[in-house]
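As a plain string of letters, each chain reads:
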Amino acid sequence: MKYQKILPVFAAVVLLGAVHALAGDVKIIANPGLQADSITVTELRTIFLEEKRTFNNGSHVEPVLAKGGEAHDAFLQYIGKSDDALRTHYRTLVFTGGGTMPKFLDSDAEIVSYVAKTRGAIGYVSGDFPTEGVKVVPILPPGAQVERKLVTRIEPEYPVSLRGLQIGGTVRLLVTISAKGSIEEVKLLGGNPILAESATKAVKQWVYAAGRSQTKLEVSIPFDPNR
Amino acid sequence: MQRRFLGLVLVCFFAGHVTMQAQEFKLFDRTVQIHGFASQGFIYTDQNNWLTMHSSQGSGAFTDFGANVSVQINDKFHVGAQVYDRNLGNLGEWHPAIDWAFADYRFKSWFGIRGGKVKTVLGLYNDTQDLDFLHTFTLLPQSVYPADLRDSTIGHLGGDVYGQISLKRHLGGVSYTAYAGHRHDTNYTGYAHLLVKYGITHANYGGLQYGGDLRWNTPLRGFLIGASRMNEDLTATGTSFTPGLGIVPFTAASRASWTDQFYGEYTVRKLRIDAEYRRHIYDQAIDKGVLCTISDVRGWYVAGAYRFTRRLELGSYYSHYAITSVGGGPFAALFPDQTDTSLPANHIYDKVVTARVDLNRFWNAKVEGHFMDGYGDSSYPNGFYFQVNPQGFKPNTKALVLKTSVNF
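Residue numbers (our numbering), protein chains in the order written: chain A, 212 to 438; chain B, 838 to 1245.
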């Protein structure tokens, strides 16, 4: 009887512990000179599978890996390959001329030391390992919206005819922002077409702060005829 | 015999360096990497001699090794070269050659170019077929990756364009390669060896080779499908011995030569399953049409491998090879048509089981058993040669293959 009550609690603790372990077992670190405030899983894979040697903003990157250990095992889940498959991938590149072998180091301490002194280096260590001399780069969860700082905002003109008719509403736009911060594209998601035309014209003049890569954001522009 | 021991010595030498990763040094502030590999094998067959070896007595004439040097000049520019040498029975015969040597400039992730001697992308494993340490099996399915015909597909002197494109809406990504160049076969390849049976000695064999590959990493993680196509325009020159005429010049030219290959691979955790289908058509005119032959070679396999522990992987595959061949011209009677693929002379069906043991990260050993039905004796090479089987062929062959390889 006692065990029937304890078992679900025990299972919940184990499950929560496992989830926490996955999230806390590894953290991505980078050389302080690397222009990266966060990184997506896709970018991690692209870099560590040597599909690219630069970030989207053109910064040089050099992947550094651990030879083994819990942090390495946790990291592999982001890459989507087993240790054996990842090493086979690197050897295939090396022996067909498609790339070079990245550095594999023995310990978290060696990885921190190498990343700290090497331009563009990016690696990973245990979640609780000290990271003096390097920057920790959080991994963005899938679907997470990247924050972009709006530097210049132009307010849209309220169409006189619609204001006079007391017609208002909210226009929803999907805005594509370049890595440099300029507006590349504006798509209408919803709202009055006449209000949308005015909103689009204004949003196209907005300027955001430079970011790591191109970003898509949803923007809502309210039109209140009483203001 | 001395050269067979040389292979074992090379393996032991490299094995002595197994604690090292890549050898690297700085040159003009760039990191230059050096890598190498070596393998030594042994084959025993119960009946027919296989792959030009006297395998029915046990043969260690199964050695290869290579070394490469490469440097990343900057984030987009990479150069390197690899030398390769092998001995496989009466093929290869210790003639080292440039395996690849090219400059690679990657403008964007979706567009790059390579120029020089480049490994050819054809199916899943064409460009890595020599690299034993990358594979579960000692011999890749011979229906698709014949070890005796390595020269015909391994590389081209020319250029490639290539790239990877991520698809929107979580549709995965595609990788593409398109290439064109010149193929040159050595005289130590299966085709040249086969023609000796007919009194023909190749001096030169090769020509234009162009094609492409497209593969899709599907949204289902670990599942990849793709297709390759290769076209060729080949010529051969040499001499032939004709009774009554003596040694006369020999020429041959392809009228059509192409290969289609379709493949799929699924990897999940420790399991890998792959399958490929290849069809090769070779239509040639010999001595300006005195004899014409059209060979239609179709091969496919299904393979699976599972890594039980860090050190042990087991695998198995079924390989299906069938050939039809028809002749034309005034001397067509010399090469009777072969169209019945149920005959052992026109097929090789091979069931294989393999155990791979990784002694450490750089050294592995494999034990493999082959159970072959058929021997595919035709005017197109396929692993069984008259020169080492003068008494004729038995319908079935069992083979034990042992191999060890190292890389650094």
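Just so you know, not all the hints are guaranteed correct.
Listed next, with one range per pair, are the computed distances between beta-carbon atoms [as the list claims (entries may be wrong)]:
#, chain 1, residue 1, chain 2, residue 2, range
1, A, 395, B, 935, 42 to 50 angstroms
2, B, 1139, A, 265, 54 to 62 angstroms
3, A, 421, B, 935, 31 to 39 angstroms
4, B, 1003, A, 428, 18 to 26 angstroms
5, B, 1019, A, 428, 47 to 55 angstroms
6, B, 1002, A, 271, 41 to 49 angstroms
7, B, 860, A, 244, 25 to 33 angstroms
8, B, 1147, A, 246, 31 to 39 angstroms
9, B, 1148, A, 265, 35 to 43 angstroms
For the record, the hints were derived by calculation from the structure and aren't laboratory data.
The model shown is predicted, which means the values in this text are computed figures rather than measured ones.
Note that beta-carbon positions come from the ideal geometry of N, C-alpha and C, so glycine has one too.
Violated hints - listed by number, lowest first: 2, 3, 6
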